[in-house]
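Chemist: Single-letter residue listing:
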Amino acid sequence: MSTTSATATQVLFDAPGPKGRRRILLLSILSVVLIAALLIGALWQFHANGQLEPSKWIVYLRADYLAFLGHGLWGTLKVTALAAVIAFPFGLLLALARLSRFLPLRTLAVTWIEFFRGIPMLLVVYAFLLALPAFGVTFPRFWMLVIPMILVSSATTAEVFRAGIKAVDVGQHEAADAIGLSRRDSLVHVVLPQAVRLVLPSLILALVTLLKDSTLGYVVSYNELQFQGKTLVSITRYLVQTYLVISVIYIVINLLLTRLALALDARMKARAAAS
Amino acid sequence: MIGFENVRKEYPGGTLAVQDFSLEIASHESVVLVGTSGSGKTTLMRMINRMVDPTSGRVHIDGDDVTSLDPVQLRRSIGYVMQASGLLPHRTVLDNITTVPVLRGTAKREARTHAHELMEIVGLDAALAERYPSQLSGGQQQRVGVARGLAADPNILLMDEPFGAVDPIVRAELQRELQHLQRDLRKTIVFVTHDIDEAFLLGDRVAILRPGGIIAQVGTPQEILADPADDFVSSFVGADRGARTLHVERVDGRDVVVDADGRPAGVLAASGDRSAGEGAADGRTRERSS
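If you're matching them up, the sequences are chains A and B in order.
Here the numbering used here = 1-based position in the first sequence + 338.
Here the numbering used here = 1-based position in the second sequence + 847.
Treat each hint with caution, since some may be false.
Stated by the list, open to error - Take a look, some chain B residues computed to stay more than 10 Å from chain A by CB distance: (1) THR902; (2) PRO1015; (3) ASP1102.
Unchecked claim - Quick list of simulated restraints, FRET-style, between CB atoms: (4) A:ARG479 x B:TYR858: 26 to 34 Å; (5) A:LYS504 x B:ASP1087: 41 to 49 Å; (6) A:ALA419 x B:ALA973: 52 to 60 Å; (7) A:LEU600 x B:ALA973: 48 to 56 Å; (8) B:ILE1062 x A:ALA505: 47 to 55 Å; (9) B:LYS955 x A:LEU594: 55 to 63 Å; (10) B:ALA1107 x A:ALA505: 34 to 42 Å; (11) B:PRO1058 x A:ASP523: 32 to 40 Å.
Said to hold, decoys possible - One side of the interface only, derived from the structure: several residues of chain B facing chain A at Cβ under 10 Å: (12) GLY861; (13) MET898; (14) VAL919; (15) GLN920; (16) ARG923; (17) HIS937; (18) THR946; (19) ARG1101.
By construction, these hints were calculated from the structure, which means they are not laboratory data.
The C-beta atom is built at its ideal place from N, Cα and C for all residues, glycine as well.
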């Protein structure tokens, strides 16, 4: 991770001279000291209020607590996976519709994308929880969370796919034309395979967003990780500890996904450099 | 036979790519369109397979106006080799070559067998069949491009500066192999380049274009060198700089051919001592000017 960002920085900025290096070192030390002071201060506050007592933390090693949180984690993963499996292909279709030569289809796609991209997901969840039932349309809790996730994510990933399609080299379109591929063949055999490869890292990052969006499950009382945590807090009253443990779980999963995205990106860059 | 009749191409916004172009290209002939950028040479070539449609005028192949033909079917029946090969990066060499035949309905196995033969013809090692384009050198990629152009066994082969992006040594090698290929296959070749030496080497006839697709001179390389139509042509072929006026000087007991400035162009070969490599190109220049 650090190596890729370092090379990216070197491309964009001149290497600092001796004076600049000294200034950077000084600022780095200052910020480390500042962050350490803040952390120590926080820990001190926790200690002063008795939050660091081992008895308040040891419970997270108990099997029943872990099973309770594990149930929530399973819910989170299930919701995220299902939403992604439906939203991503749908996003691709939306992107194609937006690039279509048929104006009504294009308008429809643009409207859909701009609407769901611009609106906070919470409002969409409320629509399913509060507005639609008023008209007699109700969904199970699971779908009250998954459908809004699909609607919003399909709009954002549509833009990711569109960028990918646009990023395919013009020469490739020309080559496809020259050897006699029809518009459809060219799309299926030339443009899409390359576009999907190009956006794969961005799609994994969209998965991270989706995973975080699933925390809105607490609004519809669906048993995902954060909602389970909330329930746990109302039983144990260990607010700080529970949410810290849950945060760590989210961070670990997202870190793994981000790592995967960066690895894929690096592999593709290496491939592109070889050509 | 390919015919251009008073072809004109104007782009929206008023750019005039081709003013008024007429030319007939006989079957089995190789014609090179040569000119600087902006001479409309690529535009003209692309009119043959309808990647560009003329604003006015007619392009016909064996008497059929190309605008009456379906562009996709037309393009599949014409080989096209482009600069930087235009290979599909996510497909193997073999899949790249078989793309068009498979689309035309050739059985996959048959297409692959044929592709292996083509790889041999263009001088590609069979071991490269399952490689991806990015794993090949520039020269190898260009060979795959030529093999793909020949895959559907077209009568016409269009070549758009195919050797422009490879280094001079590989280029010379590819040019020589194209000459051999053409001796065996006798396709109708339309070749576009800005390199006059390449044009003289590969063209049965050469058309030198001014900006706007105006023909400055068309003829065999010999005709053009012997009798340049005007100063533009003289300067384009290098005759004004003395680069084409060669004479022999004796150095260390060998006959060295030098141009008007005394720069060496090659060594005069003793009879039966035709050396390989660059000698082929220089040999022709020598024969013509002596």
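Chemist: State the violated hints by number, sorted upward, taking the hints as numbered earlier in the document.
Modeler: 4, 6, 7, 8, 9, 10, 12 and 19
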